[in-house]
Amino acid sequence: MNPKRKTIILVTVAVLTMAALIYVNLQNIRDTRPSAHTPSAKMEHGS
Amino acid sequence: MIHKLLFWSLTVLFPLPLVLTYDALATEPDQLKFYIFLGLIAYAWWLLAIALSTRPRWLDRFVGLPAIYGLHGMLGVLAIISAYLHSNNSYSPSRLARYLGDWGFYGSLTVLCYAVFFMSGWIVDRSRLLQKTKNLLETVFRHQVSVWIHRLNLVIVAMIWLHAHLLLRVNQHFPFMLLLDLYSVSVLSFYAWKKWVAPDTYLMGTVTRNEPLGESTRRLTVDLGGSTASSQPGDFFFLSFQDSSAVGREWHPFSVTDNSRQALSFTIRQHGDFTGRLDDLELGSHVRLEGPFGRFESTIQGRDREAPLVFVGMGAGVAPLLSLTAAHHTTRRIHLLWAVRRPEDAYYGNVLEEYQAASGGRLKVTTKVGRFRRTDLDQILTAEEIAKGGFFIVGPNPAVLANQRLLWRIGVSPRRIHQERLTM
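Line order of the protein sequences matches chains A and B. Per the numbering used here, residue 4 is the first one in the first sequence, and the count goes up by one each step. Per the numbering used here, residue 405 is the first one in the second sequence, and the count goes up by one each step.
Next comes chain A alone, as it looks inside the complex (with noise of 0.2 Å):
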């Protein structure tokens, strides 16, 4: 394979792999926040 391929190959695996970082890292704030439904708030509506 001619080193111009390789580097073409290199450059979309690493764009690839930053765009799936991006995506967890997304992911990963959506998952940790705090919900507006979080146990606490369902006890001060129920009391």
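No wet-lab data here; the hints were simulated from the structure. The structure presented is a predicted model; accordingly, all values stated were derived computationally and were not measured. Be aware that a few hints might be false.
With a Cα cut of at most 25 Å, we get these calculated DSS-like pairs of lysine-lysine [stated by the list, open to error]:
(1) B:LYS408 with B:LYS792
(2) A:LYS7 with B:LYS408
(3) B:LYS792 with B:LYS772
(4) A:LYS7 with B:LYS792
(5) B:LYS792 with B:LYS768
(6) B:LYS408 with A:LYS9
(7) B:LYS599 with A:LYS9
(8) B:LYS408 with B:LYS598
Chain B: place on chain A using the hints.
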């Protein structure tokens, strides 16, 4: 000097964006934040050490490969200290993050200790006993084994990267995580490019001559098949033999002996397991050449043209000095000191006589069987050479260090002593 200062400032500049971004986003108490900074700095230093291990050629021309390897090693040590303070003073609720951090720390400590003994020369080059122990151990832990053990640092960096991603107090800051990932992906992509793509762009040559010089030295000639190397006198290349059954493909540095750029000659002392097998290297073997590297020529160009140059070569270490002599013997005053083990090891005697005859009295050659001692140097060197000369020392690492100390003792300023040991 200014080049080296700029280069060393990378130690501060490289982790700075990560630290500043985290500082701007995080809300922890200052003390905890400080220890998190230390963890970030350690991670950034490991990444920088990986980037430096690719030995970029433009950086070699800027500061020299010994300085690059020097910083690479120092970063490994500094990162361990920083990581130790981080791990002992911060906590993590995630058990997996804790395990990864601990394994990463102990793993990198082990790899560092191994590298200091087998690869750095920091201690071994300064102790004959340790040198012998290392030579003995290298029958099992060969150079290529050491290289692969050193590459475990990549696994350790991956563990630390995952450790950071599992920490809730860290991974909730999106801009910071984006920057951390950008650092990691960029450095690892650069490393992958260097190992996978860059070799295809290097010079290729064919071994056309492989002849013995004395008992334990060989001269290899590599024809570049019409290509021209951009090397300067005194430069060296990393060579990898592609299709030889005698030696593996691992990269080893060798200095160019003469001035030709189409067919490069290398004088190689056979002292290790790799060079010992060069006897059986077949003519016609293909060679990949990474380089050229080296700063001897640019150092000479930067020196006062009237000041004498003193070249000190030990055994096959005369190789780069021979090419510098070939380039400058008609224009500069040169004193070449060559220490050999036996009289028959002075294999370049005839070539040096030719250069001397053509130099118009500018070139003086002193060949000695056995090492140069202080009494020898007192007699051989002139007062002007000691006071103004630019000294260039090449040879086995312990001998280079010994000669460097000797020159300091007779009054040669450290600033005028140049050597390119590739260990630290």
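Tested hints:
1. B:LYS408 with B:LYS792: 23 Å, holds
2. A:LYS7 with B:LYS408: 33 Å, violated
3. B:LYS792 with B:LYS772: 23 Å, holds
4. A:LYS7 with B:LYS792: Roughly 50 Å separates the two Cα atoms, so the pair is violated.
5. B:LYS792 with B:LYS768: Given pair LYS792 (chain B), LYS768 (chain B) holds - Cα atoms ~16 Å apart, limit 25 Å.
6. B:LYS408 with A:LYS9: Violated, at about 34 Å.
7. B:LYS599 with A:LYS9: 11 Å, holds
8. B:LYS408 with B:LYS598: 24 Å, holds
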